[in-house]
Structure formats: C-alpha cells, structure tokens
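J.: Line by line, the protein sequences give chains C and B.
For the first sequence, the UniProt record's numbering gives the first residue as 1, with consecutive numbering after it.
For the second sequence, the UniProt record's numbering gives the first residue as 1, with consecutive numbering after it.
Any given hint could turn out to be false.
Facing chain C, according to a computed beta carbon distance under 7 angstroms, are these residues of chain B, among others [to be verified]:
| # | residue |
| --- | --- |
| 1 | I183 |
| 2 | F187 |
| 3 | T196 |
| 4 | G198 |
| 5 | N199 |
| 6 | R200 |
| 7 | E203 |
By construction, these hints were calculated from the structure, which means they are not laboratory data.
C-beta atoms are modelled at their ideal positions from N, C-alpha and C, and glycine is treated no differently.
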Amino acid sequence: MASVLRHSAKFTSGISSSLAACARNGTACAFPCHAFRHRNSSTSSKIRVDLDSSTGVAVMTLQGPPVNSMCMDFLTDFAISMEKLELDKNCRGLILTSAVPKVFSAGLDIMEMYGKGPEHATVFWRAVQEMWFKLYSSNMVTIAAVNGSSPAGGCLLALSSDYRIMADNPRYVIGLNEAQVGIVAPFWLKDNMVQTLGHRQTEKSLQLAQLYSAPDALKIGLVDKLVPEEKVLSTATETMAKWFSIPDHSRQITKSMMRKQTIDKFLSNRETDINNFANFVTKDSIQKSLGTYLAKLKKKKA
Amino acid sequence: MASLLRRSAKFTSGLLSSLSVCTRNGRACALPYHQLNHRNSSTTSKIKVDLDSSTGVAVMTFQGPPVNSMSLDFLTEFAISMEKLELDKSCRGVILTSGLPKIFSAGLDITEMYGKGPEHAAVFWRAVQEMWLKLYGSNMVTIAAINGSSPAGGCLMALSCDYRIMADNPRYSIGLNETLLGIVAPFWFMDTMNNTIGNRETEKALQLGLLYSTSDALKAGLVDELVPEEKVLTTATEAMAKWLSIPDHSRQITKSMMRKQTIDKLSSNRETDVNYFVKFITKDSIQKSLGMYLAMLKKRKA
Numbered sequence: 001m002a003s004v005l006r007h008s009a010k011f012t013s014g015i016s017s018s019l020a021a022c023a024r025n026g027t028a029c030a031f032p033c034h035a036f037r038h039r040n041s042s043t044s045s046k047i048r049v050d051l052d053s054s055t056g057v058a059v060m061t062l063q064g065p066p067v068n069s070m071c072m073d074f075l076t077d078f079a080i081s082m083e084k085l086e087l088d089k090n091c092r093g094l095i096l097t098s099a100v101p102k103v104f105s106a107g108l109d110i111m112e113m114y115g116k117g118p119e120h121a122t123v124f125w126r127a128v129q130e131m132w133f134k135l136y137s138s139n140m141v142t143i144a145a146v147n148g149s150s151p152a153g154g155c156l157l158a159l160s161s162d163y164r165i166m167a168d169n170p171r172y173v174i175g176l177n178e179a180q181v182g183i184v185a186p187f188w189l190k191d192n193m194v195q196t197l198g199h200r201q202t203e204k205s206l207q208l209a210q211l212y213s214a215p216d217a218l219k220i221g222l223v224d225k226l227v228p229e230e231k232v233l234s235t236a237t238e239t240m241a242k243w244f245s246i247p248d249h250s251r252q253i254t255k256s257m258m259r260k261q262t263i264d265k266f267l268s269n270r271e272t273d274i275n276n277f278a279n280f281v282t283k284d285s286i287q288k289s290l291g292t293y294l295a296k297l298k299k300k301k302a
Numbered sequence: 001m002a003s004l005l006r007r008s009a010k011f012t013s014g015l016l017s018s019l020s021v022c023t024r025n026g027r028a029c030a031l032p033y034h035q036l037n038h039r040n041s042s043t044t045s046k047i048k049v050d051l052d053s054s055t056g057v058a059v060m061t062f063q064g065p066p067v068n069s070m071s072l073d074f075l076t077e078f079a080i081s082m083e084k085l086e087l088d089k090s091c092r093g094v095i096l097t098s099g100l101p102k103i104f105s106a107g108l109d110i111t112e113m114y115g116k117g118p119e120h121a122a123v124f125w126r127a128v129q130e131m132w133l134k135l136y137g138s139n140m141v142t143i144a145a146i147n148g149s150s151p152a153g154g155c156l157m158a159l160s161c162d163y164r165i166m167a168d169n170p171r172y173s174i175g176l177n178e179t180l181l182g183i184v185a186p187f188w189f190m191d192t193m194n195n196t197i198g199n200r201e202t203e204k205a206l207q208l209g210l211l212y213s214t215s216d217a218l219k220a221g222l223v224d225e226l227v228p229e230e231k232v233l234t235t236a237t238e239a240m241a242k243w244l245s246i247p248d249h250s251r252q253i254t255k256s257m258m259r260k261q262t263i264d265k266l267s268s269n270r271e272t273d274v275n276y277f278v279k280f281i282t283k284d285s286i287q288k289s290l291g292m293y294l295a296m297l298k299k300r301k302a
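Here chain B stands alone, though its shape is the one from the complex (with noise of 0.2 angstroms):
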C-alpha cells in the first residue's frame, strides 16, 4: 500500500516533485504522477500493452513517473487492460514490467488515501481489490519482470503473478512494508503473500514489514528467480514459453482451483472489506500516520 523508498533520494526526490502542487484548470492538484505537461488526466497512459498475437505475449509496461505509483487512474487503466487482454482469445500470457528505471512500483499512491475522505477512499480501494481480483485470478499466464524495487502495491502485483523474475541488483529491495507506515496490509495481501513464501515467514515479514534485498527475496522465494537486469525481459519471455507449453484448459482449472479459496474469501466479501478500509483509513490516528510519512518524504527532499 505503500510508497516507501528508502534507498534512494532519487526516488523520494522523484515522489517529492510530482507532490509538489501543479496547477490544472486553474484548480490545485497533488496527484504525484500528473507531469506538468500532461492537462487531461484521462488520456496520460501509466501503462502500455503490446500484445504479440504470433506468439500470444502480451507485455504490460508501467510508465507512471516518478515511481508507478498505483493512484486511481492507475488501477482503472490496468483493469480495462487486463479485461481486454482476458478476453483477447490471441492472448495466452502477459509480462508485467516496468518502463521506469530503477522501480517495479512503489505502490499505492498515498495521496488517493490521505485527506481525500470516505467516499473517495472507498472507490480507491474498490479500484485496489478490482486489480488484484483480475491479476490473482486471471487465466492467462502471468509473470512479474521485476527491474527495480517493488514495496506494498509493487510487491503485491508481483506476488499475484505465477511466477516471479527480479533484477540481481543489490539496490532494488521487495516487500510488504505497510506495518512501517502505521498501516495494516489488508487480509487477501496476506493471504497472497502466505500463499507464496508460507506462514511461518510471512507473519515475520509483515509485523516487521520487511523490505527483503533480492537475494533474501530469493532465499526466502518472494521471488523465483534473480537474473542480470538486463536480462529480466528476455528471461520472463523463455519462462512464458515453458508455461505456455502446457496445455491452456489443464493449466487454468489448476490455477483456478489453487487460487478458488483465497480469491473467494475476498469477492464474498468485498464491501465489508471495503467499509472496514474506510472506517480504517480514515481515522484521526492513520491521517495523522500518512501525513507525517508525506511530510518525511517532502523533508528528505529539501
């Protein structure tokens, strides 16, 4: 959930930037992802998709500077791609990756979260579950070519893929570190993480809400494999071609029935989820929480 980047001045300068107030139709923004030059939200792509019929790829770019971050045009925009790619019969598989150096995603956008209220922050959160439920749940094969560090929302959407490549560069770090914020990872990121690197381990990552460098990702099997960064795209494309060998029908009841109880203790209750986010978020204590983080961040870059 949340954008919390602590390598590198690079990225929180870039966060910082982009929170600094830009004026649009005359009204005061603070959406970090809106360049200056960009008027109409609507029609700022944060991600490209390139579907190659032949071979049935489709390669789904980030490209939401400074950081990815996951703010409501962000998560409708991917929601439409991948209803469009699911229905797409030429498309078998989809490589999610980033166009941005040195970051998967830093994750949600904090300011959709953070003075916005609670009817905003239950359409947010409705838009957080829409992509999780689409990318946990699709029948495509999907594989997370992480090149760059991939905190809270970066680190679930890679958790949600079948499989997961990163970048072997001691830099880049991977984790739900909600806790770290005065925040709580909702149950269905838990269960996702639990899913992937067992309970034992991930009940420590996320009361510490631990950031894990690539090689402890790797240890730990947050992540499947660590390739030469410039090898993350050519090696998520060889990995979709052993997937995609096996034949699509077996592999998607399997996978559905692997994934069936998690997804479903989620869509059986989403507006309880929902509500519970609200009620959360929305509290004195947590606005308190998220504005001192925002302020921290605007610090570090003065």
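Same shape as in the complex, but just chain C (with noise of 0.2 angstroms):
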C-alpha cells in the first residue's frame, strides 16, 4: 500500500523533501507525515473532526501534508475519532476530505514498512485493519469527498465508503496500486474493491496496479460522481441530506446485512493476515523492493 503519485513532480518532491532525515530530539527520523515544526506528535493533529450537531453531520479533513501519509500517528487518530463519532448519538454521517492541495491520501506511510521489524509490521498492519474496518462497518452513512488524487490508502478510505465523490479533474488518479510498489492489496481490501467494480475489473485493476483517473474511475464505478472540485464538498453535503432521509434503523440493518460476509471473514481472519503481512513485508526481497522504490523517489526529487 504504497504512496505513488506519478503524475506529479510536485508529490514525489513533496515525498522526498519528507522523506530527508529530519532531526528531532537529536534522532535522525524519516517520518514523511511529520512536519519539522511538530515536535510531539501525539499533539500534531493529521486529521481534524467537525461535527455539526445540528444536521449531524461531521466532516473529517486529513491534514497531514505534504500527501496525507497514513502513519501510526495518523492511523491512531483516525481510529479514536470514528470511535468518538460512532458512539456519538448526534452524528448521522461522515464525510471524508482532503485540506491537502491535490492529493486525499497518498496510502499509507512507507517508513512504517522499511527497515521496521517483524513487531513493528504487525503493530502497523493491525493499525491499518482497524481502519478499513471501523470505516466499512460504520452506522453512520459515509462520504468521501475525493479532492484529489488517492492511490492506495486513499483508495481505501474510499471504496470503504457508502458513496463517493470526486474531483472532475484528469489529473487526479485514484486506484490499488500496491503491485506496482511490490506488496499485495489485503484480502479484505480487494473484497470491498470486488464489491464495487467487480470481479472481472477488480482482477485486471489490482494485478495491474491500475490508477484511473477521475473520468475513467467513473465510467468503471469505481467513483459514483464527478463534479467541478469546488463543488465536491457541497456536493457531498447535498448527497448527505438524501441518505438522511431514509429511517436510520432500516438503512443501518440493510448495509449491515450487505457488509457482514466481507465483515465476518475480515474479522475471523485478522490475525492471520496480520502474521502474514509481519512475514511477507520483513522478507528481504520485499525490502529491497520498497528500498528501490524510496530511491527512485529521492531521485525524482533531485
């Protein structure tokens, strides 16, 4: 699940730029989602939350520039907000959003990955479950408001969704590309993705690492609207409104139903899918693959 952003100079330097050490505490740490001027990071907040508790709706922005890495920090957030919003009787839906210019999330943080360990990898990996899970099965009716371009984790993050929106821009891309990278989409993952386009689709879309772009990913289902990006986050509030007005309990029972096989065989597999990210991402030839791919960003870079 990697962050891969082709079409842009601007992503990969804003990778790169990242990705040099920065010293912190005196530790060299190459954190791309941390910021040199955030020192704590359990203070450094990637994603803020604002529910109106009048319409009930809460709008949930990822701000974890320079492409809204998905991290522990950012990953241990997500988890503790949805916790607060779903046991929130006041919040009926979430929509998800980028305050990124041109990216939603670049898919999760491949410092977590690289030169971690076997423990760190299945703290990560159960990290990065939890939130596909608390997503896909949320009560709530969510909206991702796409506003930029979303490979991988992004990707993720949208397809978890009820219903998705996304910028009339050619430029943003969005897909599963992690094969690209040299990892494999989850089993869960590519699930929902069948889910939503298809077996057929989802076979080609994810051997070949596809990254559509805005008008293609519409044409194959893979997004439901494209509107002008001004118009996203309107658009996603209007859209609200409607699922709003179907009984919350019946439409809760239905999507519960719709989603408790993909749920369940999530659920009675987690651990092993943990144990086999651990050993599939500590391998050595997985390393290098993703040492090779943080090299071929720096040099994009310079």
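Both chains are given apart, each in its own frame, so use the hints to dock them into the complex.
T.: Here it is, written out as structure tokens:
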C-alpha cells in the first residue's frame, strides 16, 4: 500500500523532502508525515473533525502535508475519531475530505514498513486493518469527498465509504496500485473492491496496479459522481441530506446485512492476515523492493 | 415488500378505497383486494393462467385490483399455479404480466403484516418465501412483461425471472424500496438483486430504497429491455421463442447451477428466516411504522 503519485513531480518531491532525514530530539527520523515544526507527534493532528450537531454531519479533514500519508499517528488519530463519532448520538453521517491540495491521501506511509522489523509491522498492520474495519462497518452514512489524487490507502478510504464523489480533474488518479510497489492488497480490501467494481474489473485492476483518472474512475464505477473541484464538499453535503432522509434503522440493518459476509471473513482471519503481512513485508526481497522504490522517489526529487 | 406508489394518486386512492372496511359475512375485513361484490375470497382469482400447449408458453396475468397486492391469497394462488405449470410437460416457459393498467404489482400486502400477530406473520412469510423459491428456482423459462410500476414485491417477482422487459413509460418505476417504509429487504431479496445488478448498485439501491425510472432501470441492468407499452407482451413472446430454442436440459442445468447457492441459502434456513421476520415485523416500532404508512395512504386519498 504505497504512496505512489506519478503524475506530478510536485507530489514526489513532496514525499522526498519529507523523507530527507529531519532532526528531532537529536534522532534522525524519516517519517514523511511529520513536519519539522511538530516536536511531539501525539499532539500534531493529522485529522481535523468538525461535527455539526444540528445537522448530524461530521466532516473529517485529512491535514497531514505533504500527502496525507497514513503513518501510525494518523491511523491512531483516525481510529479514535471514528470511535468517538460512532458513539456520538448526534452524529449520523461522516464526510471524509482533504485539506492538502491535489491529494486526498497518498496512502500508507512506506517508512512504517521499511527497515522496521516484524513487531512494528504487526502493530502497524493491525492499525491499518482497524482503519478499514471501523470505516467499512460504520453505522453512519459515510461519504468520501475525494478532492485530490487517491492511490492505495487513499483509495481504501474511498472504497469503504457508502458513496464516492470525486473532483472532475483528469490529473487526479485513484486506484489500488500496491502491486506496482511490490506489495499486495490484503484480501479484505480486495473483497471491498470486488463488491464495488465486480470480479473481473478487480482482477485486472489489482494485477495491473491500475490508477484511474477521475473520468475513468467514474466510467468503471470506482467513484459515483464527478463534480467540479470547488463543488466536491457541497455535493457531499447535499448527498448526505438525501441519505439522511431514509430511516436510520432500516438503512443501517440493510447496510450491515450487505457487508456482513466481508466483515465476518475479515474478523475470522485478521490475526492470520497480520502474521502474513509481517512475514511478507520483512522478507529481504520485499524490503529491497521498498528500498528501491524509496530511492526512486528520492531520485525524482533530485 | 411494501406497496408504495408515489407517482399516481390513482394507485393510492385505489388502495385506500379497498382499505376502507368492507363487510363480509357480517365481519369487517380490511383486506385491500376484496371487491365488495366477491363474497368468497377463495373463488376470487387474482391470477389468470393461459397455457398454449402448442407453443409451450403460459401467460400468467395478475388480476387483483386495485394494485395486484401480494396478499396471502395471491401468494397461495401463485404457488399453486407455478406448481401446476412446473409439472405440466407441455409447459416450457411462463410470461408474467399484469391485467391492471399502470401497475405490474405493488408488492406485498401490508395489511397482512399489520396488526395480525406472530402466527399470521409466520404463515404469510412462508408463503412469500414459497413464491420466490418457486419462481426463482423454476426450470421453465420465466419472463417478466412489466407493463406498469413495480415496487418492492413486484420488483422481486420481476428480478426472479430469467429476463425482464418493461414498458418505456416515464411514469413507471421499479425497485426495492423497503427502507423507505422503515422495513428491511430480507437477505434473499438482496441476493436476487445482487445477482442482477451487482453488489455496489444493490448496496446503494437498497439503502436508499431506490425506485428507478424506466431509463435508469435499463441503465443499471435492473431490466433488460424497454419497449413501447403496447409491445411488452409481444416482445416477451418473441424473447421466449429465443430462449426456448435452447435445448431444455442444458439450459435448465445451467440455470440451476447458477442459482443453486442463492436458493440453498434460503431453503436451508427457511424457519430461521421466518422467525427473524416474525420477530422483526411484530416489534412495536415496526408496527408503528407500518401503521403510519397506511395512515398516510388514507390521508392522501382524502
């Protein structure tokens, strides 16, 4: 699940500049999601949540420049936010969007997978699973307001939502491109994609690590609607109102019946999935793959 | 499941006039489909079957004014008719259509579910299951000639057929709109829709209780063909000839291979499904929902 943005040198340079070792507390750290000025990662908020209790709609804005990478801090923040909103009786719906220009999210932070060892891989992967699971099984109406490119983990956020609106910008791309980076989309994400695109399209899409432009994403049903970029959020709000007009209980029972099989399969296999990931990602060949990929990103910057 | 027709006041008024209490044998009955002049419901035929033994095609015409509600009587007649046709060696295909203007079927008769108690609910639900099992699992070629609106149970009957032809009339709609009434489509309705229009579309359609316009229904693949209303039955007959040109045994084995999993999922769990339905429908909150819906229909008429 890689941060891959090929279209714009700006993105890759963004990643590379963050990849450059930054000194923090005297230790070199290479986490792309930590900006220089934040010394205490637990107080740097990668996610902003605004809940309007009168409408019952929360907007979760990803604000982790340069590319909203999903590092451990991000995933932890996300899980906590989701839990709070799920328990809040005032909150009936969630809109996910980005405050970082041109990017919805570039996906999982590769630095969390590179040179870290199996224990960290285990902790990290559990957090990735949790992010998907909380979003996919949410009782709230969830709408992804995709206002930028959205590869890999970004696409995961979109796919797990009830509805996807994307900015009508052919330079923005979305898709599960793990295979390109040398890793593999987990089975539960594959299941989510199959449910959305169908079996054949998913088989092709995953194997080719396809990143679809916004117009193509609409054509294959990866997103539900394209609107001008400045209208993405307002369209999400209007759509939310439409979904709210359905009685909550019948909508929720319907949603959970439709998603039950995928969820059950995930739950009964999540530990195995974590072990598989830890074994896989710590393999020399995979580490090498990731290293090569990171070097390529650095080179593009230079 | 629900009789929900928002487009035409005629439908709702039709439904309401039948809902008004009528006396029969000195007892008040509120069953919508009993006309005042039919004193014995078991001789009121809701379904007309014409079998042409020379072509091997039966036409099953729904004739239960005002809206071909799927009452217990309707469902019983349906099951008996299907069984007879299934056992008749000269019958290879059946076309389902409506003898009432503007309506294919408005779906399950709500008064069978409202204020009736758990025993009746169980009897009714078993009859609904039976209808679907016989239609979806039929060895005959089944074609729905949809010459009117077709919400909820009407949509289910159409979806269970091999092929769907609908009248190209912008005033007609079709879909599974249960959530709008505060109820939930059972899993085998979901499965049938899923097998037809795919998972993503089903998840969206069911949560929103979508009633598709005819053109949207065609686009989504909910129906296979749109033709002028006066051509629906002839087109069905032509389509039937095409399907009947395939050797019966290979077509039947293929059909049952494709549908087996979905059928088994219900047939191995019928009583559990009945219990779930009874428990759900007899809940105070759900009964209240249904009551409100019936009251709304009454109000519209007045």
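J.: All hints are to be evaluated individually against the structure, with a verdict given for each.
T.: Against the structure, the hints come out as follows:
| no. | hint | result |
| --- | --- | --- |
| 1 | I183 | holds (6 angstroms) |
| 2 | F187 | holds (6 angstroms) |
| 3 | T196 | violated (13 angstroms) |
| 4 | G198 | holds (6 angstroms) |
| 5 | N199 | holds (4 angstroms) |
| 6 | R200 | holds (5 angstroms) |
| 7 | E203 | holds (5 angstroms) |
Of the numbered hints listed earlier, the single one contradicted by the structure is hint 3.
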